[in-house]
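Quick mapping for you: the protein sequence lines, in order, are chains X and V. Quick note: the first sequence uses the numbering used here, first residue 1, plus one each step. Quick note: the second sequence uses the numbering used here, first residue 1001, plus one each step.
Bear in mind the hints are in silico, worked out from the structure with no lab data behind them. Incorrect hints may have been included.
List time: in silico SDA-like cross-link candidates among lysine to any residue, alpha-carbon distance up to 25 Å [stated by the list, open to error]:
id	chain 1	residue 1	chain 2	residue 2
1	X	K165	X	V71
2	X	K165	X	L79
3	X	K117	V	V1083
4	V	K1101	X	L162
5	V	K1101	X	E81
6	V	K1101	X	V71
7	X	K165	V	L1046
8	V	K1101	X	K117
Spelled out from the first residue to the last, the chains are:
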Amino acid sequence: MPHGDFHPVLFVIVAVWVLVCGVGVVAFRNIVHSAMAMVACFLGVAAVFVLLDAGLLAIIQILLYVGAISVVVLFAIMLTEQQHAKLGFFFNRQAIFALPLTVAAAVVITVILVTSKMPLNGSRSHNVSLVAIAGGLFNRYVFPFELVSFVLLAAMIGAIVLARKEDD
Amino acid sequence: MSAVDWYLTLATGLFCIGAYGVLARRNVILIVMSLELMLNAVNIALVAFADFLPGAAGRGTFFALFIITLAAAEVTVGLAIVVANYRYSRSVQADEFSEMKG
């Protein structure tokens, strides 16, 4: 397989997989099924990253989303009592407004996409190496890197404080 | 349509599916999951742009890395709030959180 080419067949398979799983997330009545569809969708997005020549992101996607975030979501589902969504939920009161809004947003974005005059290459630029990513993180992007680590620390402390029992 | 348009169309589709989930569903955990779908769609768009815009090679990886990290923080805090609120109100339905309503 030549490096960095666009593979229509592979892309269509992965894209249909991602979109079908995404619809599954919002359409399943049982929330555990939704969570499983979300995991499958994240795997599909990792495959999209592979197609886009971003192997490191694909690995991080699988580690963080498929591994960690889905586990957190499943824990939250288990810690709370779930009632199944009512049968007519897909077209409930909110959906009457949500569906046209969403479709309108999709149409607007697509129109902008088609009519835009961005200087996009027909072929892609070269993939960045792992060394370049590491160098970028600790040179050019060192401030956002430190900021993000601080946010992570704050989130960790915040989650502990929120989840603690209130009797002390 | 060039290759980048296909990726951006996929990102648009995934983003709008997530937006529908956020707007239409009532379960707060499902709203958080739909938010994750939207963030993933944005990541796809960023990486695709970085691949096809001249002079932007590799930038998308950094952007997506920071978004993934912040998404992890967001999920942790969001679900901690959901669980803490569940202990208080015994519900995860968004329309039953009316304690602060005047």
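Consistency of the hints with the structure:
1. Between the alpha carbons of K165 (chain X) and V71 (chain X) the distance comes to roughly 22 Å, so the proposed pair stays at or under 25 Å and holds.
2. At most 25 Å may separate the alpha-carbon atoms for a hinted pair to count; K165 (chain X) and L79 (chain X) meet this at roughly 14 Å.
3. Between K117 (chain X) and V1083 (chain V) the CA atoms are separated by roughly 47 Å; this puts the pair beyond 25 Å, and the hint is violated.
4. Between K1101 (chain V) and L162 (chain X) the CA atoms are separated by roughly 22 Å; this keeps the pair inside 25 Å, and the hint holds.
5. Restraint check for K1101 (chain V) and E81 (chain X): satisfied, since their Cα atoms lie roughly 24 Å apart, inside the 25 Å limit.
6. At roughly 33 Å between alpha-carbon atoms, K1101 (chain V) and V71 (chain X) are farther apart than 25 Å, so this suggested pair is violated.
7. Taken as a hint, the K165 (chain X) and L1046 (chain V) pair is broken in the structure, with Cα atoms around 40 Å apart against an allowance of 25 Å.
8. The straight-line distance between the Cα atoms of K1101 (chain V) and K117 (chain X) is roughly 47 Å, outside the 25 Å bound, and the hint therefore fails.
Checked against the numbered hints listed earlier, the structure breaks hints 3, 6, 7 and 8; every other hint is satisfied.
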